[in-house]
Amino acid sequence: MPDVQALVNMFLNKLKKRKIEGSQATAKQTAELLRSVISQQRVPRTNQAGALIDAVRAIGEQLIVANPIELAVGNIVRRVLHIIREEDLSLTTAAVAELNLSTVSDDDDDDGGGGDQDDRPVLSAAAVAAAARNTLRPPSLQMLLEGAPDFVAVPRSSSSGGDSEGKSKSMDRNSRTRKLKHDIIEAVNELIQDITTCHELIAEQAVEHIHQNEVILTLGSSKTVLEFLCAAKEKKRSFRVFVAEGAPRYQGHLLAKELVARGLQTTLITDSAVFAMISRVNMVIVGSHAVMANGGVIAPVGMNMVALAAQKHAVPFVVLAGSHKLCPLYPHNPEVLLNELRSPSELLDFGEFSDCLDFGSGDGSPLLHVVNPTFDYVPPKAVSLFITDTGGHNPSYMYRLIADYYSADDLVVQRRHAAGN
Amino acid sequence: MKEQTTRAMWWRSPSFILDNRQQAQPYGTARGGALSIPPPPSTAMADPNPNPNPLTDKISAYYQTRAAHHGVVSSDWLAQAQAAVGHIPDDAANSDQGAPSGKLFSVIDEFNNWRKQPDLAEAVAAIRALAAVIRNSQATTMMELEIELKKASDSLKSWDTTSISLTAGCDLFMRYVTRTSALEYEDFNSAKTRLIERAEKFGEISYKARKIIAMLSQDFIFDGCTILVHGFSRVVLEVLKMAAQNKKLFRVFCTEGRPDRTGLRLSNELAKLDVPVKLLIDSAVAYSMDEVDMVFVGADGVVESGGIINMMGTYQIALVAHSMNKPVYVAAESYKFARLYPLDQKDMGPALRPIEFGVPIPLKVEVETSARDYTPPQYLTLLFTDLGVLTPSVVSDELIQLYL
Numbered sequence: 001m002p003d004v005q006a007l008v009n010m011f012l013n014k015l016k017k018r019k020i021e022g023s024q025a026t027a028k029q030t031a032e033l034l035r036s037v038i039s040q041q042r043v044p045r046t047n048q049a050g051a052l053i054d055a056v057r058a059i060g061e062q063l064i065v066a067n068p069i070e071l072a073v074g075n076i077v078r079r080v081l082h083i084i085r086e087e088d089l090s091l092t093t094a095a096v097a098e099l100n101l102s103t104v105s106d107d108d109d110d111d112g113g114g115g116d117q118d119d120r121p122v123l124s125a126a127a128v129a130a131a132a133r134n135t136l137r138p139p140s141l142q143m144l145l146e147g148a149p150d151f152v153a154v155p156r157s158s159s160s161g162g163d164s165e166g167k168s169k170s171m172d173r174n175s176r177t178r179k180l181k182h183d184i185i186e187a188v189n190e191l192i193q194d195i196t197t198c199h200e201l202i203a204e205q206a207v208e209h210i211h212q213n214e215v216i217l218t219l220g221s222s223k224t225v226l227e228f229l230c231a232a233k234e235k236k237r238s239f240r241v242f243v244a245e246g247a248p249r250y251q252g253h254l255l256a257k258e259l260v261a262r263g264l265q266t267t268l269i270t271d272s273a274v275f276a277m278i279s280r281v282n283m284v285i286v287g288s289h290a291v292m293a294n295g296g297v298i299a300p301v302g303m304n305m306v307a308l309a310a311q312k313h314a315v316p317f318v319v320l321a322g323s324h325k326l327c328p329l330y331p332h333n334p335e336v337l338l339n340e341l342r343s344p345s346e347l348l349d350f351g352e353f354s355d356c357l358d359f360g361s362g363d364g365s366p367l368l369h370v371v372n373p374t375f376d377y378v379p380p381k382a383v384s385l386f387i388t389d390t391g392g393h394n395p396s397y398m399y400r401l402i403a404d405y406y407s408a409d410d411l412v413v414q415r416r417h418a419a420g421n
Numbered sequence: 001m002k003e004q005t006t007r008a009m010w011w012r013s014p015s016f017i018l019d020n021r022q023q024a025q026p027y028g029t030a031r032g033g034a035l036s037i038p039p040p041p042s043t044a045m046a047d048p049n050p051n052p053n054p055l056t057d058k059i060s061a062y063y064q065t066r067a068a069h070h071g072v073v074s075s076d077w078l079a080q081a082q083a084a085v086g087h088i089p090d091d092a093a094n095s096d097q098g099a100p101s102g103k104l105f106s107v108i109d110e111f112n113n114w115r116k117q118p119d120l121a122e123a124v125a126a127i128r129a130l131a132a133v134i135r136n137s138q139a140t141t142m143m144e145l146e147i148e149l150k151k152a153s154d155s156l157k158s159w160d161t162t163s164i165s166l167t168a169g170c171d172l173f174m175r176y177v178t179r180t181s182a183l184e185y186e187d188f189n190s191a192k193t194r195l196i197e198r199a200e201k202f203g204e205i206s207y208k209a210r211k212i213i214a215m216l217s218q219d220f221i222f223d224g225c226t227i228l229v230h231g232f233s234r235v236v237l238e239v240l241k242m243a244a245q246n247k248k249l250f251r252v253f254c255t256e257g258r259p260d261r262t263g264l265r266l267s268n269e270l271a272k273l274d275v276p277v278k279l280l281i282d283s284a285v286a287y288s289m290d291e292v293d294m295v296f297v298g299a300d301g302v303v304e305s306g307g308i309i310n311m312m313g314t315y316q317i318a319l320v321a322h323s324m325n326k327p328v329y330v331a332a333e334s335y336k337f338a339r340l341y342p343l344d345q346k347d348m349g350p351a352l353r354p355i356e357f358g359v360p361i362p363l364k365v366e367v368e369t370s371a372r373d374y375t376p377p378q379y380l381t382l383l384f385t386d387l388g389v390l391t392p393s394v395v396s397d398e399l400i401q402l403y404l
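Going down the list, the sequences are from chains A and B. The opening residue of the first sequence carries number 1 in full-length UniProt numbering; numbering runs sequentially from there. The opening residue of the second sequence carries number 1 in full-length UniProt numbering; numbering runs sequentially from there.
These aren't lab readings, by the way, just hints derived from the structure by calculation. Any given hint might turn out to be false.
Calculated lysine-lysine pairs in the DSS-like style (CA-CA distance at most 27 Å, straight line) [said to hold, decoys possible]: (1) K241(B) to K312(A); (2) K381(A) to K278(B); (3) K257(A) to K236(A); (4) K278(B) to K241(B).
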């Protein structure tokens with residue numbers, strides 16, 4: 001445990017000091033950290049899933065607070081929680097199925113009175129398992145009138161049904177413990193694999209969207225966009241790229257260099273020239289920092305301007321996003337709450353402007369303020385298409401992907417204080 | 001023949017079914033000089049002495065009741081309205097005979113009893129009434145019980161065709177009954193008790209739903225914001241109450257909400273909470289819209305497209321808000337989701353309410369008395385429901401899951 005705590009503290013430090021750049025790296029490291037936490041967590045005999053969920057929740061809360069702007073951290077925490085619930089549920093259903101089979105075989109031997117009594121707990125366990133399956137899905141109209149059984153009760157009831165079977169069940173339970181952790185860690189490994197390879201899956205779809213002799217516009221630099229464009233180039237599409245430089249970090253310059261290295265005809269423009277050039281562009285393809293549940297996009301600063309220009313000239317605005325960027329929260333006031341102000345040194349040279357920015361002069365507050373926001377919010381109606389590793393989707397469809405990847409209980413990641421157990 | 005062509009000239013709804021339906025029905029006409037229901041022009045000219053039929057088959061009982069609960073009215077038609085609401089079950093009972101009609105009588109009566117309570121939602125009243133049917137039923141199998149419930153639910157729905165939450169609540173309960181009967185309950189009585197218990201619980205669910213919706217919307221109300229509210233929705237009131245309790249600083253613009261003037265009642269309630277309120281006449285909405293940060297409305301029903309059906313004036317406000325880029329938030333419980341898909345404003349059944357102008361209107365002048373309008377989903381930003389925060393496109397998904 002102290003080993004894990006040291007790892008957690010190191011990671012928290014890195015997050016607080018913003019040492020990790022990019023949502024993919026953050027997501028990967030968060031997943032790896034949570035995998036270590038799970039593998040080293042001791043679990044009790046009953047309700048293993050609950051213990052794991054609590055442990056992950058406790059650490060997840062700290063991680064999210066360390067860097068609330070990096071939404072990928074929260075996304076991965078919630079994905080892992082959802083994985084734990086799903087694996088537990090599938091094991092429970094399997095156990096119930098076993099219970100069914102074993103009861104049936106006992107009936108054949110007993111042949112009579114005992115059979116009826118045994119039928120009822122099996123039936124109710126099946127009903128409870130079915131109900132638990134439904135608690136994993138988000139609340140819906142169908143479930144409105146039904147009382148929701150407590151999720152924690154599920155493993156208990158199946159194990160209490162098992163007690164009557166005797167020794168064979170206790171051995172099964174032991175193997176179930178090990179099996180649960182094993183399954184969860186396997187699933188988390190798959191998640192890490194997905195995060196690492198999201199570029200390839202997205203890039204595979206490039207040839208459907210980029211056609212011969214097209215002009216593509218992009219802003220700043222995104223690895224996903226680079227892979228996307230190069231994949232289309234591999235498939236022998238010839239097209240041109242306009243790269244807006246993406247002040248103040250000028251990462252567009254790096255992207256332009258990379259594209260030229262791979263043999264693509266590139267034009268570098270300033271951000272202010274986007275409106276002037278947009279009428280000559282066929283499609284805008286950009287990366288994103290995070291995608292919110294309503295289909296809105298948190299993207300590097302300047303993206304909203306490009307989106308507005310594209311809307312005005314009816315140019316399709318395509319956003320590429322790996323599934324680890326999909327956040328189940330709805331944004332309220334994202335320009336302020338989901339934004340960070342970076343150092344003014346990216347804009348100004350301190351040497352030249354030292355007298356304007358001097359806090360020592362006059363009444364202690366300088367006349368020149370420099371604001372350097374990191375992100376922009378693009379509303380969902382400006383986006384034409386999202387390309388994720390599962391395919392191309394409408395902004396209004398994102399809620400479905402969220403329902404697949406996350407559980408409704410995990411939206412607020414907070415340690416439950418002596419409540420549901 | 002000539003009457004029909006004249007009528008067809010003015011009515012341009014692409015919904016042919018509705019036109020045929022309305023041409024087939026007889027028209028109730030004005031009672032006294034102050035009220036006027038629009039008869040087609042030709043009929044008025046042909047028949048100078050209007051037939052004093054009761055207005056009951058055209059007036060929407062749902063909107064009458066809402067006005068009675070939340071509106072501010074000063075004339076004697078309130079008494080007429082309450083009489084209209086109270087009289088119908090007697091008429092139905094007198095025309096029916098036998099034991100099954102005893103059931104019919106009690107369902108609608110029961111429903112009315114529940115509905116009269118101002119704090120109770122329509123759907124809850126409907127489900128309670130159906131629970132009463134189960135309690136009084138002498139059925140011995142689930143099949144029989146289901147058939148009885150279906151009859152009761154149909155009679156409730158046909159008694160007031162304009163209330164969407166009533167229809168939706170009945171449908172929801174019927175779906176639940178069908179699904180429960182599919183599960184293997186060995187004992188009929190235990191199934192029956194379970195149904196009754198869940199129906200009683202539904203009142204709690206509805207109340208909890210309002211709390212959940214209030215909690216979900218808290219994040220969207222920030223300090224220093226101005227909220228525009230239309231119509232008296234208990235859900236929206238709950239939202240604002242919770243925000244006030246959380247010590248948020250905000251002010252509310254409240255539309256008057258003619259003809260019920262429900263806005264007056266709402267502004268009263270808000271003033272009690274020490275929330276700064278400003279009352280606007282309905283026409284002043286566009287004038288004040290640039291000061292507004294968001295629009296909050298409730299819904300009488302949420303339709304399959306994700307649009308809402310709400311008090312007359314909501315569509316207007318949503319249009320103005322959309323043109324000025326202000327978000328429109330809808331607070332609605334999930335049992336208001338209905339399987340309707342209106343294509344235009346006239347595509348729903350008519351829900352009429354007499355409007356009083358304070359001065360007598362000549363008979364030749366038509367008055368638009370529809371009590372509700374339809375707001376298409378592209379003008380709505382988000383829906384707050386007890387199923388979570390939803391975009392309008394999620395509504396049809398939920399309905400499909402329930403009904404298919």
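Each hint tested on the structure:
no. : hint               : verdict
1   : K241(B) to K312(A) : violated, 41 Å
2   : K381(A) to K278(B) : violated, 32 Å
3   : K257(A) to K236(A) : holds, 20 Å
4   : K278(B) to K241(B) : holds, 16 Å
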